[in-house]
Amino acid sequence: MEYVYAALLLDAAGKEISEKHLMEVVKAAGMSPDEARAKAIVSSLKDVNIKEVIKNAAAAPVAAAAPAAAAPAAGAKKAEAKEEKKSEEEAAGGLASLFG
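Numbering follows numbering that gives the first Met the number 0, in which position 35 of the sequence shown is assigned residue number 34; successive positions increment by one, without gaps.
Just to be clear, a hint being listed does not mean it is correct.
Listed next, with one range per pair, are the computed distances between beta-carbon atoms [stated by the list, open to error]:
1) LYS19 to PRO60: 23 to 29 Å
2) ALA59 to LYS14: 24 to 30 Å
3) ASN55 to ALA35: 15 to 21 Å
4) ALA11 to ASP46: 27 to 33 Å
5) GLY29 to PRO60: 33 to 39 Å
Derived from the structure by calculation, the hints contain no laboratory data. For glycine and all other residues, C-beta sits at the position ideal for the given N, C-alpha and C.
Work out the full structure: start from the sequences and follow the hints.
Have a look at this one:
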């Protein structure tokens, strides 16, 4: 993950994303650089325009996931309320048998 962050930092600074630069950033952050990881990130980002990817990601509707997540929560609350009501009725029925 640190190599991805290093690549983003280099891109934001307008620097070339190379193995050497990635390893320098990782080393400057106090971690031990790994040449294989740096090479993998550089080859993965070879034809990627990071600024364009970030721009498109920022424009994507993330809020659409929130209502979907809220729907199961509402269903869980209803089920919980039914169980609570059912247990109250069972308790009341048990008490009635004592005085029965």
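Hint check results:
no. : hint                       : in the structure
1   : LYS19 to PRO60: 23 to 29 Å : 39 Å, violated
2   : ALA59 to LYS14: 24 to 30 Å : 27 Å, holds
3   : ASN55 to ALA35: 15 to 21 Å : 29 Å, violated
4   : ALA11 to ASP46: 27 to 33 Å : 19 Å, violated
5   : GLY29 to PRO60: 33 to 39 Å : 38 Å, holds
The structure fails hints 1, 3 and 4 (numbered hints given earlier, in ascending order).
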